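Visitor: Go by the hints and put chain B onto chain A.
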Amino acid sequence: GQNIDQPTEMTATEGAIVQINCTYQTSGFNGLFWYQQHAGEAPTFLSYNVLDGLEEKGRFSSFLSRSKGYSYLLLKELQMKDSASYLCAVRPYTGRRALTFGSGTRLQVQP
Amino acid sequence: DAGVIQSPRHEVTEMGQEVTLRCKPISGHDYLFWYRQTMMRGLELLIYFNNNVPIDDSGMPEDRFSAKMPNASFSTLKIQPSEPRDSAVYFCASRENSSGTYTGELFFGEGSRLTVL
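Each protein sequence line maps, in turn, to chains A and B. Read in order, the letters of the first sequence are residues 10 to 120 in my numbering. Read in order, the letters of the second sequence are residues 1403 to 1519 in my numbering.
No wet-lab data here; the hints were simulated from the structure. Bear in mind the structure is a predicted one, so any value in this text is a computation, not a measurement. A portion of the hints provided could be inaccurate.
What the hints assert, rightly or not - Just so you have them, the derived chain A footprint on chain B, three or more residues with Cβ under 8 Å: (1) 1447 to 1454; (2) 1511 to 1518.
Stated by the list, open to error - Partial list, computed: chain B residues near chain A (C-beta under 7 Å): (3) G1430; (4) Y1433; (5) T1505; (6) E1507.
The beta carbon of each residue, even a glycine, is placed where N, CA and C say it ideally should be.
This is chain A alone, in the form it adopts within the complex (with noise of 0.2 Å):
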């Protein structure tokens, strides 16, 4: 089975940095997504780990250990606009195509 944990609510202020943790445990491993989802939108595409180390896209960051089934999202200089849900989704095996999500974490930036 899988299980993909990450906490529900997290608050931080206008300009500073946030980090989101994810942890999973997959029955394989092929890769883990970060989106980002606005309220009543759809979840949009961030960022993807297959290796273990860090993905750099601009104020957005994520990093990958396998051996310890653990990701992170980093947020850098934050901005009112990233108060949105941060879901973090793992590929369990080759070959199945589909992603399994975490329950995400809500992100509330305040001024």
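Guide: Quick look at chain B alone, frame taken from chain A:
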């Protein structure tokens, strides 16, 4: 590209009625997914297709749910009869076949918000 298109965006119906949700994937995408999102259970996979063939329907809750993909540009998710516990946002997503370093990200439609009274 128009992206993944879903209809209806909102549906309110009464318990026992049939509900049909529709999806048009991005042209050229070989995979189509139906997910359901609720506050309690998050985003759950219901079923996915590859080249119009159902690959995994283990997430379909029960026989009241059925999904079809008659061609590469159209899929339906049907609930008959509907129940209040089916109230959720139903997302359709599509993706290309993997090749090289392609990540295989999913592209989601805007969702169909279903309320069963």
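Visitor: All hints, please: hold or fail.
Guide: Consistency of the hints with the structure:
no. : hint         : result
1   : 1447 to 1454 : holds (count 3)
2   : 1511 to 1518 : holds (count 3)
3   : G1430        : violated (15 Å)
4   : Y1433        : holds (5 Å)
5   : T1505        : holds (4 Å)
6   : E1507        : holds (4 Å)
The structure fails hint 3 only (numbered hints given earlier).
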